[in-house]
Amino acid sequence: MTLHAAIRVRRDRFDFEASFQVNDGETLAVLGPNGAGKSTMLRCLLGLTPIDVGRIVLNDAVLDDVDTDVFVEPDKRRIGAVFQDYLLFRHMSVVDNVAFGLRARGTKKHESRLAARSLLERFDVDHLADRFPSQLSGGESQRVALARALATEPRAIVLDEPLAALDVTTRRAVRDELRRFLDGFAGPRIIVTHDPMDARRLADRVLVIENGRVSQVGDIVDVIRHPASPYVAALFGDES
Amino acid sequence: MLAVIATAFFALPFVGLLWRTPWSDVADVITDQSVRRALWLSIQTSVLATVFALLFGVPLAWVLARVSFPFRSLVRALATLSMVLPPVVGGVALFFSFGRRGLFGQYLDDWFGVRLPFTTAGVVVAQTFVSMPFLVLTVESAFRQFDIRYDDVARSLGATRWHAFRRVTLPAIRPAIIAGVVLAWARALGEFGATITFAGNLPGTTQTMPLATYLALETDPGAALVLSIVLIVVSFAVLIGLRDRWLGNPNEVTRS
Chain A
17 MTLHAAIRVR RDRFDFEASF QVNDGETLAV LGPNGAGKST MLRCLLGLTP IDVGRIVLND
77 AVLDDVDTDV FVEPDKRRIG AVFQDYLLFR HMSVVDNVAF GLRARGTKKH ESRLAARSLL
137 ERFDVDHLAD RFPSQLSGGE SQRVALARAL ATEPRAIVLD EPLAALDVTT RRAVRDELRR
197 FLDGFAGPRI IVTHDPMDAR RLADRVLVIE NGRVSQVGDI VDVIRHPASP YVAALFGDES
Chain B
12 MLAVIATAFF ALPFVGLLWR TPWSDVADVI TDQSVRRALW LSIQTSVLAT VFALLFGVPL
72 AWVLARVSFP FRSLVRALAT LSMVLPPVVG GVALFFSFGR RGLFGQYLDD WFGVRLPFTT
132 AGVVVAQTFV SMPFLVLTVE SAFRQFDIRY DDVARSLGAT RWHAFRRVTL PAIRPAIIAG
192 VVLAWARALG EFGATITFAG NLPGTTQTMP LATYLALETD PGAALVLSIV LIVVSFAVLI
252 GLRDRWLGNP NEVTRS
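Chains A and B, in that order, give the protein sequences.
Residues 17 to 256 in our numbering are what the first sequence spells out, letter by letter.
Residues 12 to 267 in our numbering are what the second sequence spells out, letter by letter.
Do not rely on the hints blindly, as some may be mistaken.
To be verified - Here are some chain B residues pointing at chain A (derived, C-beta under 8 angstroms):
no. : residue
1   : R160
2   : Y161
3   : V179
Just so you know, these hints were derived from the structure itself, not from any lab.
Glycine included, every Cβ here is placed at the ideal spot set by N, Cα and C.
Isolated chain A, as found in the complex (with noise of 0.2 angstroms):
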């Protein structure tokens, strides 16, 4: 059971080709500068920007096929996901934003909030629920965040920057809970960052994206001892 993408997108003058591969429980970080086409890529996975050229593939659903036209839904991709900033919807309570997924799909009010309490109990933010997400500090938004994407218990799961928003002193406890919460996944998980200490901590495998293309993939370890590239080099410059 794997997720495997081979896409390119061109636009303007934006062009990214990747083709990558992620195992049920393993962990990938992406790494890259700015522009890279980091979150492109994650975009594409999710079907919120159409990719030109080649198919993506969770487990044995064609998600993205240029070839035969297959092109499926976003809000039928089962892919969840965790944006950047955590972008929690501000005029709904905590328990509601949770709910959300499950009321999409058309499950009744009542049984979604209990769903949706649960979960908050499985990330110790139970107590929040009927708070509203401007109320919440970064580490509890993440948590929310983290209890939102999967609700609707998806298949894979990708996060953007997770850790960007917060100050220095909270992002290393909340890296630690990010690990945690990544381990027990089972699924792939695909991890959006520009930190290499990020990578470190929560990936097993990194792929680096410079100027729209792959320039490195492989074992965290591997990737840290022999960098392709002045680029991965200077990332990792002082451990290795």
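Mind docking chain B on chain A? Use the hints.
Structure of chain B alone, referenced to chain A:
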């Protein structure tokens, strides 16, 4: 100092109005049959016009903000033209387009038996014509400022486009929609020029409060003053009512 003058400029007319109002006649005027008819007509038509502005204005605002197509700026200019146009000109334009002999009006009459000029429907058309731009402009700018990534989140959570729009986008821009509705409604309630030009001044059918007020000024200035007070009270009541109910802290008013 200039700000004080500006404030005085806004305040003094109300002082003058209140000062000259023949308070002893108030009861007589507002129980007057024709006044109550005009007030009731005004409320009906302005509410209807606002409903139409909302019904057509929100989709138009969405298209202008989100869909890129050729001549978009032309469409936007067209949609807001009636806001800067002298209302009388709008009324004349409506008359020669949708009047009985108008370019399109003759077909409305021939095919559907619909006649707009000098009817209550005509009043609603004139009010919608001048008030919708206020709603479109307000709502369009809210659509533009809304972070579209919230829509993406909703989609990734399993929401269809429509569900995401209804449950995420619309609630997020609700304050702007309310503001647009209030502006459009206020404009419709006060509408004079386009109404009198297109729909005429028939008591009970097309004579709204502003028309009645203007007419009263020539025959019975005291009544005009009272009518003005009534319009002010109605406007203020709605503004204050809406502010407390809808424009407070958005975190506190939503319970889905």
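Hint check results:
| no. | hint | verdict |
| --- | --- | --- |
| 1 | R160 | holds (6 angstroms) |
| 2 | Y161 | holds (6 angstroms) |
| 3 | V179 | holds (6 angstroms) |
Taken one by one, the earlier hints all hold for this structure without exception.
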